[in-house]
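Use these hints to put chain B onto chain A, whose structure you have.
Chains as they are written, first to last, in our numbering: chain A, 1 to 126; chain B, 1001 to 1175.
Since the hints were made in silico from the structure, they are not lab data.
Treat the hints with care, since some could be wrong.
Stated by the list, open to error - With a cut-off of at most 25 Å between alpha-carbon atoms, the simulated DMTMM-like pairs for lysine to aspartate or glutamate come out as follows:
id, chain 1, residue 1, chain 2, residue 2
1, A, Lys109, A, Asp120
2, A, Lys109, B, Asp1025
3, A, Lys109, B, Glu1079
4, A, Lys109, A, Asp124
5, A, Lys37, A, Asp120
6, A, Lys37, B, Asp1025
7, A, Lys37, A, Asp124
8, A, Lys37, B, Glu1079
As the list claims (entries may be wrong) - Over the 10 Å line for every Cβ pair with chain A, so calculated as not near, a few chain B residues:
id, residue
9, Leu1005
10, Ala1035
11, Leu1042
Yeah, the Cβ is synthetic: ideal placement off N, Cα and C, and Gly gets one too.
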Amino acid sequence: MTELLAYAAARYNYWVYILLMLIGFYAMVAHGNLLKKVIGMNIFQTAIILFFLSTSAKRGGTLPIVGPEALAGGVAPAQLMNPLPHALMLTAIVVMVATLGVALAVLVKIYRRYRSFEEDVILDRL
Amino acid sequence: MSGLLNALFLALLVILAVAAVRVRDLVGAVLALSAYGLVLALTWAGMGAVDVAFTEAVVGAGASTVFFLATLLRTVRTEQVRLPRARAASLAAVFLLGGLLFLATHEFPSWGDPASPPSVHVSPRYLRLGYAETGAPNIVTAVLADYRGYDTLVETVVIFTAALACWVLLGRPKA
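Same shape as in the complex, but just chain A (with noise of 0.2 Å):
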């Protein structure tokens, strides 16, 4: 039982990542709204990043951030964040505001010309 438990808490974050990426999957593929969809994509991609960015934790680790006790070689790795996946998020965060203002342009553009963001009543006016 408290194996179970220790496994649980070991985890418990990854199962939670993959909770929100089928949120945001779910509202893509199954609501009609095209807002929506635009939603359920920022979702996704943030539980990605979610994702990337627990893999830089370390137990008992702090900020990336050093000294001058680093020139002396007094860094220990194990007790600093691995500062990776934060600078390969930190694009992904700006990919993901680029490819939001895209989308949004093109439901502007959508609706403009079929007056509705509903995925069947587009498809009827197509």
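Relative to chain A, chain B alone:
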């Protein structure tokens, strides 16, 4: 304590994500998404990813919400009440994907393990030598602006392309 806070934030995230997807009033959904972005930023700050947390608070909770609201101002604000099409098929796909991912987590290193594969490969070198090689005390800055500088440079091209695409789609303002 920080583990408890993390669990609380994660639970809040799930609730807010469900709210953002379920609420029919689109302005309400967008505001739930904004709150989701804020809690996400807090979660990341708690995980030690402060640079990403700042960016998410500004961009995810701030700028994205403004974009969404600007879109809604020019369009409609309610989702029509109807059952999602092909609901069973969608749910089946969701559960299949979820089940596969859940099985995959068995192979993952336990959360926060300092000896996990992503933490032992390249990053210790950055942590040890980053300050001496780049002069930036914050190693995230060193990686972003120096070791992966071209990545960041081309990222501005992505933003420029996106801005160009929006301009082409929406045209110049009439006034």
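For each hint, the structure was consulted:
no.: 1; hint: Lys109/A <-> Asp120/A; in the structure: holds (17 Å)
no.: 2; hint: Lys109/A <-> Asp1025/B; in the structure: holds (21 Å)
no.: 3; hint: Lys109/A <-> Glu1079/B; in the structure: holds (18 Å)
no.: 4; hint: Lys109/A <-> Asp124/A; in the structure: holds (17 Å)
no.: 5; hint: Lys37/A <-> Asp120/A; in the structure: holds (14 Å)
no.: 6; hint: Lys37/A <-> Asp1025/B; in the structure: holds (14 Å)
no.: 7; hint: Lys37/A <-> Asp124/A; in the structure: holds (19 Å)
no.: 8; hint: Lys37/A <-> Glu1079/B; in the structure: holds (12 Å)
no.: 9; hint: Leu1005; in the structure: holds (13 Å)
no.: 10; hint: Ala1035; in the structure: holds (12 Å)
no.: 11; hint: Leu1042; in the structure: holds (12 Å)
Hint violations for this structure: none, all hints satisfied.
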